[in-house]
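Starting from the known structure of chain A, arrange chain B on it as the hints suggest.
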Amino acid sequence: MLNCLSRQIRALPFTFTASCRLSTLPTLENIESTEIEEPPLIYGGYTNVRQAWVSNLDTTKDNSSAIIDLHPQVFGSRPRIDIIHENVVWQRKYRYVSYANTKVTAEVCMSGKKPWPQKGQGRARHGTRRSPLFKGGSVIHGPRSHKTHFYMLPFYKRVYGLTSTLSVKLIQDDLHIVKNLDLPSDDPEYIKNLVDSRLWGPSVLFIDDTDTMPRNISLALNEIKHMNLMPVYGLNVYSMLKYETLVLTVAAVKKIQERLLYQLHRPDCNYANRKFQLNQQN
Amino acid sequence: MALRLLIKNAIITSGVSLRINNSICKRDSSYRSSPIAQDPSHYTKYEVSSSPEEWKFVERLLPLTIIPPPPDGKNFPSGWQPQTAKFGQYPYFVHRTRNHMLPVYLKVSMRGTRRITQINNVDGDIWKLEEALKKYLQKVYGDKRIIATKVHEVCGHLCIHGDHVSRVNEWLLKKGL
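In the order they appear, the protein sequences are chains A and B. Everything in the first sequence is counted per my numbering, starting at 464 for the first residue and increasing by one. Everything in the second sequence is counted per my numbering, starting at 8 for the first residue and increasing by one.
Only chain A is shown next, with the shape it has when bound in the complex (with noise of 0.2 Å):
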C-alpha cells in the first residue's frame, strides 16, 4: 500500500494552481493555532485535496497502483443540487418543440352554408358549422403552430452544474478514473464482465479526451445498449446523471480540470456571462 503511494502519480501539473486558491489544502504548519477555537476539522472531505485510483481496462481484475490527484473545485466542490437540476430541466427543454396545433374557425375544413334558416325552425340561430359551439368545428384558445421551448442557461450555472455534478459523483463512489481506453479484445463479453466484477452501475458513461475512440472499445460498446462513449467536449449534466458510472480517462480528467478551472478564474467572466445570441461564436 505504502509503495504504492509512493509510486502515485502527480501527473497533473496544475497549471492554475498558483491563483487557484490552494488555501483550500489544509498546511501542516499551520496546525497548531493559537486561538481557543477548536483545531480544525477536514469536513466531509470538501476542504481536502480530492484523490481517486487510477484502473485500467487491460485486465478484468482491477490493478490499480496509482493515485490521481484531482483539483478540489471541480471535482470536490459543495454540490449546488439546485444548479444540477436546472441544468437538467434546461437540458430537456432547450431542444424541445411543442408541435401541438389546433384549428381556427376559418382554417377548419367544412362546408361554409348556413346550416339551417335564421327563423321559423324553433332552433338556435347559427351562421356556420365551422363555429367553436359545434362539434368538429375550431377550437378556442387552442395551441397555435409550434413552439420552441429554447432558453440559454446562464453561462455560469452551466459551469457550476459540470463541477457539481462530478463531485457528486466522486463522492458517491459513481466516478472512476482509468489510463486509457484500450481494451485487450472487441468482445462485448470482456467489458461486460469487467463493469459487473468492478461493481460499476450497470450504465457507464466512458469519456476520452479525443473524439476518435480506440477500435476495440469501439466495437465492444457499439453492442451494448447501455453503455456509451464520449469525448470531453460532449460532457453534460444530463448524461452523468443517465449513466450510473462515469468513467473517465487520465487525459479526460486532465483537459476538464484545466477547462473548468480556466473559466472558474477567467478575469472576463462577465463577457462569457452576457446575454445569449443565436449568431454567438464561443
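Calculated from the structure, these hints are not laboratory results. As the structure is a computational prediction, the values presented were derived from the model and not from experiment.
DSS-like cross-link-like pairs, simulated, lysine-lysine; straight-line CA separation at most 30 Å:
1) B:Lys-114 - B:Lys-142
2) A:Lys-688 - A:Lys-524
3) B:Lys-93 - A:Lys-620
4) B:Lys-114 - A:Lys-556
5) A:Lys-566 - A:Lys-577
6) A:Lys-642 - A:Lys-688
7) A:Lys-524 - A:Lys-718
8) B:Lys-81 - B:Lys-63
9) B:Lys-182 - B:Lys-93
10) A:Lys-738 - B:Lys-114
11) A:Lys-705 - A:Lys-688
12) A:Lys-620 - B:Lys-157
13) A:Lys-705 - A:Lys-655
14) B:Lys-114 - A:Lys-620
15) B:Lys-157 - B:Lys-141
16) B:Lys-135 - A:Lys-620
17) A:Lys-556 - A:Lys-620
18) A:Lys-524 - A:Lys-717
19) A:Lys-577 - A:Lys-598
20) B:Lys-93 - A:Lys-717
21) A:Lys-717 - A:Lys-705
Covered stretches of chain A (in silico footprint by chain B; criterion: 3 or more residues with CB under 8 Å from a CB of chain B, positions within the stretch not fixed):
22) 537 to 544
23) 722 to 736
Backbone N, C-alpha and C fix where the C-beta goes; we use that ideal spot for every residue, glycine too.
Same frame as chain A, but now just chain B:
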C-alpha cells in the same frame, strides 16, 4: 447620398484630401460613405521589430487569461485587505471569491422589505462560524435584537436576517479571512 457618392468618387480618383468627405458624412455614415483604405504608405510609418525587450510591453497590453494572485502588502488605497488567515487556523474558513473579494452579499427581496446577508464559500464547520458570528452580532447590537440565521450546510451558505454586510465584513477582515 448621390452628391456624397459623387464627391467621394471624385476624391478617390483625384486623390485630394478627404476632409470634405468627412465633413459631409457624419450622421448617417455607412460603409459606402467611408473612404477606401489605401496602401500603408499613406498612413503612419511603422517598422517591424522582433526584439524580446520590446515584446514585454506588448505582453503588458494583452488581456489576462486568469485572474492573477493578489499583490503583497497591507495598506492599499482602496482599503482592500488580503486574506491572511490560513486554512486550518479556525474550524471554519471563508474562501475569497475569484476576484479576491469577500463573499458577503446583501439579498434584497419582498420589494425591499426583506434584507438578508448571505455569506458564501464557507468551508469547514459552518455551524461554528454561525455561532461565532451570532455572538459577535449580539455583542454589537445588544441582547434584545434577535439575530436569525439560516445555514445551508451542503452549499456552504450562511444567511443572516437583516443587513449586516459591513459588520460581517469587518469581523471577517479582523479575523484575517
